[in-house]
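There are 2 protein chains.
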Amino acid sequence: MKLYSYFRSSAAYRVRIVLNLKHISYDTIPVHLVRHGGEQNSAEYLDVNPQGLVPSLDITPTINTGERELKPQIITQSTAIIEYLEEAFPQPALLPINLIERAYIRTLMQIIACDIHPVNNLRVLHYLEECFDCDKAEKITWYHHWLATGFAAFERLLIENGSTHYCCHKQVTLADVYLIPQVYNALRFNLDMSPYPTINRIYQHCIQIPAFVDAAPEQQPDADI
Amino acid sequence: MKLYSYFRSSAAYRVRIVLNLKHISYDTIPVHLVRHGGEQNSAEYLDVNPQGLVPSLDITPTINTGERELKPQIITQSTAIIEYLEEAFPQPALLPINLIERAYIRTLMQIIACDIHPVNNLRVLHYLEECFDCDKAEKITWYHHWLATGFAAFERLLIENGSTHYCCHKQVTLADVYLIPQVYNALRFNLDMSPYPTINRIYQHCIQIPAFVDAAPEQQPDADI
Numbered sequence: 116m117k118l119y120s121y122f123r124s125s126a127a128y129r130v131r132i133v134l135n136l137k138h139i140s141y142d143t144i145p146v147h148l149v150r151h152g153g154e155q156n157s158a159e160y161l162d163v164n165p166q167g168l169v170p171s172l173d174i175t176p177t178i179n180t181g182e183r184e185l186k187p188q189i190i191t192q193s194t195a196i197i198e199y200l201e202e203a204f205p206q207p208a209l210l211p212i213n214l215i216e217r218a219y220i221r222t223l224m225q226i227i228a229c230d231i232h233p234v235n236n237l238r239v240l241h242y243l244e245e246c247f248d249c250d251k252a253e254k255i256t257w258y259h260h261w262l263a264t265g266f267a268a269f270e271r272l273l274i275e276n277g278s279t280h281y282c283c284h285k286q287v288t289l290a291d292v293y294l295i296p297q298v299y300n301a302l303r304f305n306l307d308m309s310p311y312p313t314i315n316r317i318y319q320h321c322i323q324i325p326a327f328v329d330a331a332p333e334q335q336p337d338a339d340i
Numbered sequence: 116m117k118l119y120s121y122f123r124s125s126a127a128y129r130v131r132i133v134l135n136l137k138h139i140s141y142d143t144i145p146v147h148l149v150r151h152g153g154e155q156n157s158a159e160y161l162d163v164n165p166q167g168l169v170p171s172l173d174i175t176p177t178i179n180t181g182e183r184e185l186k187p188q189i190i191t192q193s194t195a196i197i198e199y200l201e202e203a204f205p206q207p208a209l210l211p212i213n214l215i216e217r218a219y220i221r222t223l224m225q226i227i228a229c230d231i232h233p234v235n236n237l238r239v240l241h242y243l244e245e246c247f248d249c250d251k252a253e254k255i256t257w258y259h260h261w262l263a264t265g266f267a268a269f270e271r272l273l274i275e276n277g278s279t280h281y282c283c284h285k286q287v288t289l290a291d292v293y294l295i296p297q298v299y300n301a302l303r304f305n306l307d308m309s310p311y312p313t314i315n316r317i318y319q320h321c322i323q324i325p326a327f328v329d330a331a332p333e334q335q336p337d338a339d340i
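First to last, the sequence lines map onto chains A and B. The first sequence lines up with residues 116 to 340 when you count with my numbering. The second sequence lines up with residues 116 to 340 when you count with my numbering.
A couple of the hints might just be wrong.
If chains are identical, the list can't say which one is meant, so a pair holds when it fits in one copy or spans any two.
EDC-like cross-link-like pairs, simulated, lysine to aspartate or glutamate; straight-line CA separation at most 16 Å [said to hold, decoys possible]: (1) K186 <-> E216; (2) K186 <-> E275; (3) K186 <-> D173; (4) K251 <-> E202.
Just so you know, the hints here were simulated from the structure itself, not pulled from any lab data. All of these numbers come straight from a predicted model, not from anything done at the bench.
Just chain A, with the same shape it has in the complex (with noise of 0.2 Å):
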């Protein structure tokens, strides 16, 4: 497999943890958001992804087939790649059996992929410059603003539900996996998060797990920190 990545990206951090927690090596193949005008924006990358945006997984497989050229089998969107690898390759689980528990780990998986993240990412903050001409604390302000709106629900859920080191029961499922990259992304912003108790166990705790440790900004071939 190869990934399409941003070191920074938490939506390919996500997908960065899936593929170590089940052992599936792949490739990186790094896409640069804001070098070149953002790299992700070539008529190259379009092909590959038509919103030009990262992750992308190339599951294409490497057989001989003779004269005929395979169509590439990429999957776009970070939530459609891991319920994919989760479906593909079920061990380890990281959804439960039970159809209320998934679902309940789908509310907070959602909560960050529709809630925070796609509100403050690259492009809706450049768009928002591009507008309304706003500076840089402005921006800050905006990014904290969703941040805390989602953290907030996020944290309740989690103390509604006696979550202690995971969010849900006691190993990874997919929650932790979208929840670490965004505690990261607000850390690295600044973000207070005195307010999130839970939420702070829960980050502690996970990026010692080596999965995660191995699928950090910091760890990626494409680092530029």
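Once you've looked at the hints, dock chain B against the given chain A.
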């Protein structure tokens, strides 16, 4: 089941379509997102959904439990609700069996659920106004920008995959369930839809299906169009 819904919410509209396609009867509990400063912000509703968003689906079983009161079982986030309904009520299937096709449909779902809808929903438009004092025309420009960006990628994927009257194959899938409410909103906000002939064709076809007709905003008990 009880669906906390707002007639114009495209996320609630998706869930209504799935409930109808699967012939699941439900009661609507209206949550008016505008009236009284937004009924979703009441303490009562925040107990149902700590994010203060619609939809929420109450699936608490109605068993006579004697003196013990069942803890309400409520699922929030439309994608978590819809994946739950697909697992708990598999017929008719709204995702195919093939894992790569499932991934493709989830990609289409997420283009709308992550990269169009959350950047354009009411709370984001309100916050734009609060932060940047923008007027109605600026909000419409913002709204159209994310619709056009997302629809362009969606259209390209549909063309590459040979879509005709549905997003995928010859039957309704979750991709159609996500697309139709988003097009409904685009038309309401007068987006020029001419660059998206495939999306238009699928929209015109799907809005004639009874499950989609009955889920439409103007058919809801809380419609105040």
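Verification of the hints:
1. For a Cα distance limit of 16 Å, the shortest separation of K186 from E216 across copies, 14 Å, qualifies, whereas the shortest one inside one copy, 37 Å, does not.
2. Taking the closest pair of Cα atoms, K186 and E275 come within 16 Å of each other only across two copies (11 Å); inside a single copy the shortest separation is 47 Å, beyond that limit.
3. In this homomeric assembly, K186 and D173 come within 16 Å of each other (Cα to Cα) only inside a single copy, at 11 Å, whereas the closest approach across copies is 43 Å.
4. Proximity of K251 and E202 under a CA criterion of 16 Å is satisfied in neither setting, with 41 Å inside one chain copy and 44 Å between copies.
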